[in-house]
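Protein chains: 4
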Amino acid sequence: MKVIVVKDYESLSKVAAQHLLGEMFQRHERVNLAITAGSTPIGMYEYLAPEVKGKDYLAHVHYYNFDEIPYFSGKQEGITISDLRRLYFNPAGVPEAQIHVLDEKNYQEQDQRIFDDGGLDAILLGIGADGHYCGNLPGTTKFTDFTTKVNCDEAMKERISGHFEDKEEIPDFYVTMGPRSVMNARHLILFASGEEKAAIMKTMIEGSITDEIPASILKMHPHLTIILDEAAAKLLDKEQL
Amino acid sequence: MKVIVVKDYESLSKVAAQHLLGEMFQRHERVNLAITAGSTPIGMYEYLAPEVKGKDYLAHVHYYNFDEIPYFSGKQEGITISDLRRLYFNPAGVPEAQIHVLDEKNYQEQDQRIFDDGGLDAILLGIGADGHYCGNLPGTTKFTDFTTKVNCDEAMKERISGHFEDKEEIPDFYVTMGPRSVMNARHLILFASGEEKAAIMKTMIEGSITDEIPASILKMHPHLTIILDEAAAKLLDKEQL
Amino acid sequence: MKVIVVKDYESLSKVAAQHLLGEMFQRHERVNLAITAGSTPIGMYEYLAPEVKGKDYLAHVHYYNFDEIPYFSGKQEGITISDLRRLYFNPAGVPEAQIHVLDEKNYQEQDQRIFDDGGLDAILLGIGADGHYCGNLPGTTKFTDFTTKVNCDEAMKERISGHFEDKEEIPDFYVTMGPRSVMNARHLILFASGEEKAAIMKTMIEGSITDEIPASILKMHPHLTIILDEAAAKLLDKEQL
Amino acid sequence: MKVIVVKDYESLSKVAAQHLLGEMFQRHERVNLAITAGSTPIGMYEYLAPEVKGKDYLAHVHYYNFDEIPYFSGKQEGITISDLRRLYFNPAGVPEAQIHVLDEKNYQEQDQRIFDDGGLDAILLGIGADGHYCGNLPGTTKFTDFTTKVNCDEAMKERISGHFEDKEEIPDFYVTMGPRSVMNARHLILFASGEEKAAIMKTMIEGSITDEIPASILKMHPHLTIILDEAAAKLLDKEQL
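Protein chains in written order, with my numbering: chain A, 1 to 241; chain B, 1001 to 1241; chain C, 2001 to 2241; chain D, 3001 to 3241.
Derived by calculation from the structure, the hints in this document are not laboratory data.
One or more of the hints may lead you astray.
[Claimed, not checked] If you want a taste of the chain C side facing chain D, the calculated C-beta under 10 Å gives, among others:
1) LYS2007
2) HIS2028
3) GLU2029
4) LEU2033
5) ASP2117
6) GLY2119
7) THR2140
8) PHE2143
9) ALA2185
10) ARG2186
11) LEU2188
12) GLY2207
13) ILE2209
14) HIS2221
15) PRO2222
16) HIS2223
Glycine residues also receive a C-beta, built at the ideal position from the N, C-alpha and C atoms.
Model the full structure from these sequences, guided by the hints.
Below you can see the structure in the form of structure tokens.
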């Protein structure tokens, strides 16, 4: 585990983008990346999109989403992939052939598909204030789970309802790469920004391995890079860094 | 995680040796291996020693022990390194400059030293019927521990007493690379032989991640190879392999 | 470049096999190997076949031939792949899905196909007394050639005629991965045995880079391992090793 | 070989910097880079220096110069390292412990030193209109040379005289990593900008391997990335890219 602390959100966005570009440039043959939606990567994708747009020398880079909240009706693509398209794939002009959608129909093949494609070179993860990453929330998946379906109880439906204008479309379940699927990537890159992440970063980095903090397991990975801005890092024991 | 099942102890010994030789031959520059003492590797070292003895083309291979039970008096080298010398370093004629001893005096530098040396390319692990590996026994280390000192209570002293002819030499503590130190290696190779390991292999491979089974954490590593003979594999769910 | 000198043909065969097994065991995901036919590898394949036969844990290993002398009529598979089947694929029971045949019909796609498959992890090469490797003989390919077709003049037809009982089947051309195709592999392993290879090994290792010695270019590769028995190494400048 | 064509010098500088940053971020353990002085990298170092300055998370990155033109008197550091300090090490605040100077006193140990340090992860190269790279000019080194000393004839002294205010300081020789030293790096990154490089880029990329064009050998490397702006790429056969 390596903790990189940068000044602010802008630096965080740039350094995270440099990590992804580094993965892309590491090899001429196929490179596989799983990337995150959400709010943390907005700045990073703004930085990254123009570096990628129209660059045919990046045709070897393949993208995977690692979780999905489907629409109940199934009439449109889910929340995660829609976000990724809006934030990155569309502005960066990533060709469809390089986008490998995980959804409610194919989630049971996700791990085998990634293995057959050569494995993930890197996975970029955000983290929630409750210690979740991907769709691995406290009380949902176990550390030993691969990609799986998670049933939504009422609390979860409430939690995800903000994604849906039409509340009829709130689904009964979502799908996510589980902890073992994530840990199978060769490089984990986790980033967090802002004071509201300071407590969970301290817990995740300095605390014990427990199901209650899903992201706590990630520090057992041999190649985990954590990128934080000063606000998110402010509670860390400086002697340990 | 990949589970390799071979017929018997002889095959196990050979396939484990082939894995280690593969690590040695992967690169011309320095290769770092942490290897295990104990009874499981006896056959493997018998196979390996003549392949290594007198081979100056293996001068780039460096060895580390991952735990040590010292003598109380400190008058001689500890149990683990003595075993490794007897089983492998001596018959294989490994030059002293390629042997990096972990002991009670330098254990606090072990993780930094390995990092500075470029990290471990592979670590070869045995497993106990109680799920321990290295000196990580149930009730001793936590998943988050790096290399550490473990105090020996009376039960532990009893357990290790067989190693000491002179019972005055039973130590108050031992040292071991902790779970995080082990998980930091780029490749974990764990092997087990015989019916008496069948139950723990089922628990370790199919069970949950728990401190009570220290080796359960190992399956979260992105590159774990488990080598078993048929007897040790006989309780495994064949559909999962 | 690293030169490994072993005692005799038997050791050479074993050490070469250990290198290939090491490549197979380096990763759980797909591994791509190009391997050689001819007389040098006979002992190696005898050693290797039982290690591979019936081992479903080697299902991720894919094989490529790097040259082919087709039959004029095209009524049967060519000389190289037939040799490889007889020496290795058949005795080792390698499933057809793991064998990627290069022949006169698909040679123009060979480089792209290998790139799309992730690139060659290793290529095992023999060497002729004239410095040829694969079908790169003096006066045929240029260093800059990728996989290509080589026309057979009368001298070449004479040279390859021993492969054909029915002399009507001697072809007008053969196909081969060219120097650049070979140099694109991540690891080159070249082996040679016997006194009749001593002169070319000295020339190849110690001499200049010249089209007249096709194998001379190989020493510019960042990861070339040369395995020789003492007879093949006997003319080498010992100070340089 | 992969050829990346970008719009202009500014893009070239940024993409080259992204490649170097990618190398730095590929691993937490030591990373070794050999980098170029001269005019092509000026824009890149301007981009790179602020990304590196004051970043203790880049303490694992080590730098090597690959050639040196010493002062005759030996009273000050040579031309190349002085340039690198001015262009990059000083503005980026790279600590002295991470700078590994090649000079006239230690050039004979350069290859062994780099090997002992784990090998070069990447080397960034410029190219001259005559096809030279590092100090490998037409008529100086052979493809088979490792790091070596090159005597300066009158023409060479004339050529390098612009570097010296005091003409008494023009040396009789310079030192350079030779073709084999360079080819031993795991990743070659070569960049060129401007119309005055268009002809040599065509020759280097599309022409044959010849001593007269020293850089022609580089395309035999399994991992060569060439970064060009449109002006430098304008003569290339577009069908081949």
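Status of the hints after comparison with the structure:
For LYS2007 (chain C), the shortest C-beta to C-beta distance to chain D is roughly 26 Å, which exceeds 10 Å, and the interface hint is violated. Interface hint status for HIS2028 (chain C): violated, as the beta-carbon distance to the closest one in chain D is roughly 20 Å, over 10 Å. At about 18 Å, the closest approach between the beta carbon of GLU2029 (chain C) and any beta carbon in chain D exceeds 10 Å, and the interface hint on this residue is violated. Hint status for LEU2033 (chain C): violated, given a least beta-carbon distance of 15 Å to chain D, over 10 Å.
This hint is violated: ASP2117 (chain C) has a C-beta 15 Å from the nearest C-beta of chain D, more than the 10 Å allowed. For GLY2119 (chain C), the interface hint holds, since its Cβ comes within 10 Å of a Cβ in chain D; the closest pair sits about 8 Å apart. For THR2140 (chain C), the shortest C-beta to C-beta distance to chain D is roughly 15 Å, which exceeds 10 Å, and the interface hint is violated. Contact between PHE2143 (chain C) and chain D, as hinted, is supported at the beta carbon level, the nearest pair being about 4 Å apart and thus within 10 Å.
With a cut of 10 Å, the hint placing ALA2185 (chain C) at the interface with chain D holds, because the nearest CB-to-CB distance is about 7 Å. A distance limit of 10 Å between C-beta atoms decides the matter here; for ARG2186 (chain C) the minimum to chain D is near 6 Å, and the interface restraint holds. Of the supplied interface hints, the one on LEU2188 (chain C) holds, with its beta-carbon coming within about 9 Å of a beta-carbon of chain D, less than 10 Å. Given the 10 Å rule on beta carbons, the hint for GLY2207 (chain C) holds: about 8 Å separates it from the nearest Cβ of chain D.
The restraint placing ILE2209 (chain C) at the interface with chain D holds, with a minimum CB-CB distance near 4 Å, inside the 10 Å limit. Hint on HIS2221 (chain C) holds. Least Cβ distance to chain D is approximately 7 Å, under the 10 Å limit. Restraint check, PRO2222 (chain C) versus chain D: the minimum CB separation of about 5 Å is within 10 Å; hint holds. With its C-beta approaching chain D no nearer than about 8 Å, HIS2223 (chain C) sits inside the 10 Å limit, and its interface hint holds.
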